[in-house]
Amino acid sequence: MNTNIVFTRDCAVGLKEKLEDVPFASLYLLADSNTSRFCLGHLGLDMFPVARRMVIPAGEGNKTLDTVARIWQWLSVSGARRNAVLLNVGGGVVSDMGGFAASCFKRGIRCVNVPTTLLAQVDASVGGKTGIDFNGLKNEIGTFSFPQWVLVDNGFLATLPFRQVLSGFAEMLKHALLAGNGHLEELLRADLSQVAEEPFLHLIEKSVAVKAAIVERDPEEQGVRKALNFGHTVGHAIESAAIAGGMEMYHGEAVAYGMVAELYLSVRKMGFDRQRYEAIRRFIQATYLPYVPVAGAEELYGLMLHDKKNEREGVNFSLLRAPGLFEVNCYCSREEILEALKEISHASDNS
1 MNTNIVFTRD CAVGLKEKLE DVPFASLYLL ADSNTSRFCL GHLGLDMFPV
51 ARRMVIPAGE GNKTLDTVAR IWQWLSVSGA RRNAVLLNVG GGVVSDMGGF
101 AASCFKRGIR CVNVPTTLLA QVDASVGGKT GIDFNGLKNE IGTFSFPQWV
151 LVDNGFLATL PFRQVLSGFA EMLKHALLAG NGHLEELLRA DLSQVAEEPF
201 LHLIEKSVAV KAAIVERDPE EQGVRKALNF GHTVGHAIES AAIAGGMEMY
251 HGEAVAYGMV AELYLSVRKM GFDRQRYEAI RRFIQATYLP YVPVAGAEEL
301 YGLMLHDKKN EREGVNFSLL RAPGLFEVNC YCSREEILEA LKEISHASDN
351 S
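299 is the number that full-length UniProt numbering gives to position 299 of the sequence shown; each next residue is one higher, with no gaps.
Be a bit skeptical, because a hint or two may be false.
[As the list claims (entries may be wrong)] Computed cross-link-like contacts, DSS-like style, restricted to lysine-lysine with a CA-CA straight-line distance of at most 30 angstroms:
id : residue 1 : residue 2
1  : Lys106    : Lys18
2  : Lys342    : Lys308
3  : Lys106    : Lys309
4  : Lys269    : Lys308
5  : Lys342    : Lys269
6  : Lys18     : Lys206
7  : Lys206    : Lys309
8  : Lys206    : Lys16
9  : Lys309    : Lys342
10 : Lys269    : Lys309
11 : Lys106    : Lys16
12 : Lys206    : Lys308
13 : Lys269    : Lys106
FYI, nobody ran anything at the bench for these hints, they're computed from the structure.
Build out the structure end to end from the sequences listed, making use of the hints.
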């Protein structure tokens, strides 16, 4: 993975040091409306020249081809050259779209990610996946294009709404399940009210290390990297249905519900321990908002048939035999999937 990931408690100094090492004809900064309001003041932008800035509307609903076309138009009119650097400051939507725009503009310019949400810090801004939503489907169009480097400062999380903290935590939980080695137990004890403090930065670093190690083995998701889609086959279907229905749902919430269903499939097909599954299901039930059905089970199943991992008829999952022991390319029948979807409602049942 050709990305340098820097963990810091002083983003302004870290950014200045890294940009001094990167020769560039011009620097272009992309942020969303939330980042522009809460985060840009902490970057120390007065310490180096920024030729242009573009602020896009916040939210997954803006992760579209139209928005990317506006970014390309901005870069082109501003005279961006192939040795320009696009600095993506924001959450996953900014890093996904900015990375995609950079990978295509003039056949590729460099980009740098400064993630400002927990989700982006542990997942979206590392790993080289870029993309946009299209035709009602999550991340339907995209590229593999690694940022030159990523700067992670959990001080940004001090202004993050708690529901967005939980969204990012779902990806950390996924990484812990893939890693095993006691990381899961450590994470389940974490104090999420302290996400902006230094001890939590070490948990973020551990989570990123899990993903980075898998991506290093399989940068373009031909095999083992598919494990990182655990919880996402069902989760992306839920999220796509929510977007289409105009319902508010964060990515990590959909992934948390998706992990419940896919852990159930792991119990049924891979021998994952039933008691451990029940404990994780109860944890998700206690931690996340109750699941509000965004679509019927058959509609969700139909959305899963469009999943990018599918290579033949049926739906392709990444499942777990145990924490730290996963299998990719696990095909499940329609009946098995519909049964697993019932578990999401059970996880939200307060009885």
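Here is what the structure says about each hint:
1. Of the supplied pair hints, the one linking lysine 106 and lysine 18 holds, its CA atoms being roughly 24 angstroms apart against a limit of 30 angstroms.
2. The straight-line distance between the Cα atoms of lysine 342 and lysine 308 is roughly 23 angstroms, inside the 30 angstroms bound, and the hint therefore holds.
3. For the hint linking lysine 106 to lysine 309, the alpha-carbon distance of about 29 angstroms falls within 30 angstroms, and the restraint holds.
4. A distance of roughly 22 angstroms separates the Cα atoms of lysine 269 and lysine 308; the hinted pair therefore holds under the 30 angstroms criterion.
5. Taken as a hint, the lysine 342 and lysine 269 pair is honoured in the structure, with Cα atoms around 16 angstroms apart against an allowance of 30 angstroms.
6. For the hint linking lysine 18 to lysine 206, the alpha-carbon distance of about 22 angstroms falls within 30 angstroms, and the restraint holds.
7. For the suggested pair lysine 206 and lysine 309, the alpha carbons sit about 26 angstroms apart, so the restraint of at most 30 angstroms is met.
8. For the proposed pair lysine 206 and lysine 16, the alpha carbon gap of about 25 angstroms is at most 30 angstroms, so the pair holds.
9. Only pairs whose Cα atoms come within 30 angstroms are accepted, and lysine 309 paired with lysine 342 is accepted, the gap being roughly 23 angstroms.
10. Our distance criterion of 30 angstroms between C-alpha atoms is met by lysine 269 and lysine 309, whose separation comes to about 18 angstroms.
11. Simply put, lysine 106 and lysine 16 have alpha-carbon atoms about 26 angstroms apart, close enough for the 30 angstroms limit, and the pair holds.
12. A C-alpha spacing of about 27 angstroms is found between lysine 206 and lysine 308, which places the hinted pair at or below 30 angstroms, so the restraint holds.
13. Taking the CA atoms of lysine 269 and lysine 106, the gap is about 47 angstroms. The hint is violated against a cut of 30 angstroms.
Going down the numbered hints, you'll see the structure goes against just number 13.
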